[in-house]
Amino acid sequence: MKILKIFLITFLFLGTTQLKSDEKNNDFKNKILKNIRCLICQGQSVYDSESDFASSIKLIVDKKINEESSEEQIYEFLREKYGNWIIYDPELNKNTYILWLLPLLLFLLGGAIMIRKLKFKN
Amino acid sequence: MKNKYKASIFFLFFIFCFVVFYKGLNNPNIYTPNIKVKKNIPLFKAKDFNSKVYINSEKIFDENKYYIVNIWASWCVPCIKEHPLLMELSINQSIKIIGLNYRDNLNNAKKFINEYGNPYTQILIDSDGTLAVEFGAYGVPETLIIDKNKKIIKKFVGPINEETVQEIKSIIK
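Read top to bottom, the protein sequences are chains A and B. The opening residue of the first sequence carries number 1 in our numbering; numbering runs sequentially from there. The opening residue of the second sequence carries number 1 in our numbering; numbering runs sequentially from there.
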């Protein structure tokens with residue numbers, strides 16, 4: 001009876017650990033899929049799409065995760081095949097400097113104007 | 001003076017935003033593949049359509065010839081349209097045409113080949129579409145030209161036409 005109890009507890013413990021690891025893997029995979037653009041759909045990510053292209057990309061991402069590729073390695077593989085357009089989150093390069101830095105500059109400029117105005121008021 | 005300075009900064013900023021948005025308007029919001037890029041052929045293992053044996057890509061592209069990789073499927077209507085042109089190209093001895101059967105039912109694919117002819121020196125099975133991804137393809141039909149250095153030198157998205165065939169012939173010359 002005691003052996004059966006120990007066996008059951010171990011089994012349940014291993015089961016929940018496995019479930020947690022699967023859940024973690026799924027979250028990681030979904031995070032990547034949500035950042036990949038479905039090239040044949042209008043405004044849909046691969047995660048949202050059921051198209052043939054999206055299904056193939058899902059399989060590729062699955063395979064890459066099983067091969068223990070990192071998120072960046074997966075994006076790099078897809079960029080090499082389809083260019084930057086396939087990734088929603090654009091990387092910082094000479095074509096995207098303005099995109100990344102302009103909001104920051106505008107924020108700083110706005111802040112500076114506000115501080116100046118407040119100083120004048122006081 | 002101060003107001004003039006402020007107005008000119010505001011004007012310049014407005015012009016800058018206008019140019020950025022105007023340029024953005026002209027950019028297509030659909031994927032346009034880079035069809036002129038030179039890329040190495042991917043390394044892969046694929047199942048042969050006839051023998052059902054897995055073959056390495058090095059073995060497929062082992063001759064010192066130009067290769068054409070054509071991605072096709074029996075359910076793809078434009079593939080029927082381009083098939084006679086592939087048959088015409090297959091007569092040329094200096095090229096080898098490799099077919100990539102994309103997400104297809106094998107029986108239907110066999111019927112397609114029996115009905116319209118076989119322009120391919122080898123057909124590879126891509127039942128889940130992952131092989132097409134390795135070639136950077138996103139649909140059917142797509143045709144890629146591989147030079148003697150085993151580099152993808154040209155890509156045609158959609159069915160090939162007479163003009164494309166002439167272009168392929170001039171590349172191969």
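Derived by calculation from the structure, the hints in this document are not laboratory data. Be aware that one or more of the hints could be misleading.
Straight-line alpha carbon distances no greater than 35 Å define the calculated DSBU-like cross-link-like pairs of lysine-lysine that follow [as the list claims (entries may be wrong)]:
1) 31/A / 64/A
2) 81/A / 2/B
3) 63/A / 173/B
4) 4/B / 81/A
Residues from chain A that face chain B, not an exhaustive set, calculated with beta carbons under 8 Å [what the hints assert, rightly or not]:
5) 39
6) 40
7) 52
8) 55
9) 82
10) 83
11) 85
12) 87
13) 120
14) 121
Think of the CB as a built atom: it goes at the ideal place given N, C-alpha and C, for glycine as much as any other residue.
Q. Does residue 55/A pass the interface hint, meaning its C-beta sits closer than 8 Å to a C-beta of chain B?
A. For residue 55/A, the interface hint holds, since the closest Cβ of chain B sits about 7 Å away, which is under 8 Å.
**Q.** Restraint check for residue 4/B with residue 81/A, where alpha carbons must lie at most 35 Å apart
**A.** 51 Å, violated
Q. Should the interface hint for residue 52/A be scored as holding, given a Cβ-Cβ cut-off of 8 Å against chain B?
A. Constraint on residue 52/A satisfied, holds at 6 Å.
Q.
Given residue 83/A as an interface hint, is its Cβ closer than 8 Å to any Cβ of chain B?
A. 6 Å, holds
Q. Do the numbers back the hint for residue 82/A, that is, is its least Cβ distance to chain B under 8 Å?
A. 6 Å, holds
Q. Can the hint on residue 87/A be confirmed by a CB-to-CB distance to chain B that is less than 8 Å?
A. 12 Å, violated
(Q) A closest beta-carbon separation below 8 Å is what the hint needs, so does residue 39/A meet it against chain B? (A) Holds, about 4 Å.
Q: With a cut-off of 35 Å on the C-alpha distance, tell me whether residue 63/A and residue 173/B pass.
A: 40 Å, violated
Q | Evaluation of the interface hint that places residue 85/A against chain B, nearest CB under 8 Å | A | 6 Å, holds
**Q.** When the least beta-carbon distance from residue 120/A to chain B is tested against 8 Å, hint result
**A.** 13 Å, violated
(Q) Min Cβ distance, residue 121/A to chain B: is it shorter than 8 Å? (A) 18 Å, violated
Q) Quick one, is the residue 40/A hint okay against chain B at 8 Å, beta carbons? A) Holds: closest Cβ of chain B sits about 6 Å from residue 40/A, inside 8 Å.
The structure fails to meet hints 2, 3, 4, 12, 13 and 14 from the earlier list, while all remaining hints are met.
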